[in-house]
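Asks: Residue numbers (our numbering): 2 to 216.
Hint data in this document are derived by calculation from the structure and do not stem from the laboratory.
Among these hints, one or two may not hold up.
Calculated pairs, DSS-like style, for lysine-lysine (alpha carbon to alpha carbon, straight line, at most 27 Å) [what the hints assert, rightly or not]:
1. K105 with K71
2. K72 with K121
3. K170 with K121
4. K72 with K197
5. K187 with K170
6. K187 with K105
7. K187 with K208
8. K71 with K14
9. K121 with K193
10. K121 with K3
11. K121 with K208
12. K208 with K193
13. K105 with K197
14. K14 with K105
15. K197 with K187
16. K208 with K197
17. K193 with K170
18. K121 with K105
19. K170 with K197
20. K197 with K71
Treat the numbers as computed from the prediction; the structure is a model and nothing was measured.
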Amino acid sequence: MKRTRILLADDHKIVLDGLRSLLEPTFDLVGMVEDGRALVSAVEQLRPDVIVVDISMPLLNGIEAVRQIKKLDSQVKVVFLTMHPDVTYAIRAFEAGASGFVLKHSASSELLTAIQEAIKGRTYVTPMIAGELVQAYQGGTYRQVEEAQQLTPRQREILQLLVEGRSAKEIASLLNISPRTVEFHKYNLMAKLNLKSVPALIQYAIKHGFTTLEG
2 MKRTRILLAD DHKIVLDGLR SLLEPTFDLV GMVEDGRALV SAVEQLRPDV IVVDISMPLL
62 NGIEAVRQIK KLDSQVKVVF LTMHPDVTYA IRAFEAGASG FVLKHSASSE LLTAIQEAIK
122 GRTYVTPMIA GELVQAYQGG TYRQVEEAQQ LTPRQREILQ LLVEGRSAKE IASLLNISPR
182 TVEFHKYNLM AKLNLKSVPA LIQYAIKHGF TTLEG
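From just these sequences and the hints, can you work out the full model?
Replies: Printed below as a string of structure tokens:
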């Protein structure tokens, strides 16, 4: 029987090594990457069945990476594995196309279940936030997060890189655009969100789950 092909993405090598030990006895581990851009490239090359991905990663966070990946391969299953129990991240993860959302401290007991459920076409949410997630949808938090998604994919990419402290020149090099275009996007972001400064833009990014950096 063919084993399910798994691709891992996390920016901590010790986490990747632990996940490999947990998953290799059951699945075919086809690769491990440490940033979101590398993840998108690896999916194109390796065509996994399931991706296990962290939210907080450099260059391109896990949620934005999955948005791009789903355009390349709508059939690939995605299980998010994160240390962040904030329901905002869970909402954004499922909106991006996730099949599962698991917290890292319960990974050993829940991750295998979440992957198996994803393979079967089902959804798995860690019990720790399942009730809160339902309440968020019922109480309107879902709509608030949805409103924040009105930013374009390019604006969300640039927003993360700005929060990481990268200069316009560095962002331009990463995205193959000009520094002037980066500045144009930055000021468009501030105007669109009615924000007056870059620090305010960073606070917005943290509040709405575009980054897991601390405030």
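Asks: Now, for every hint given, state plainly whether the structure supports it.
Replies: Here is what the structure says about each hint:
no. : hint           : verdict
1   : K105 with K71  : holds, 23 Å
2   : K72 with K121  : holds, 21 Å
3   : K170 with K121 : violated, 45 Å
4   : K72 with K197  : violated, 34 Å
5   : K187 with K170 : holds, 13 Å
6   : K187 with K105 : violated, 33 Å
7   : K187 with K208 : holds, 18 Å
8   : K71 with K14   : holds, 25 Å
9   : K121 with K193 : violated, 41 Å
10  : K121 with K3   : holds, 15 Å
11  : K121 with K208 : violated, 34 Å
12  : K208 with K193 : holds, 16 Å
13  : K105 with K197 : violated, 36 Å
14  : K14 with K105  : holds, 14 Å
15  : K197 with K187 : holds, 11 Å
16  : K208 with K197 : holds, 16 Å
17  : K193 with K170 : holds, 23 Å
18  : K121 with K105 : holds, 22 Å
19  : K170 with K197 : holds, 22 Å
20  : K197 with K71  : violated, 34 Å
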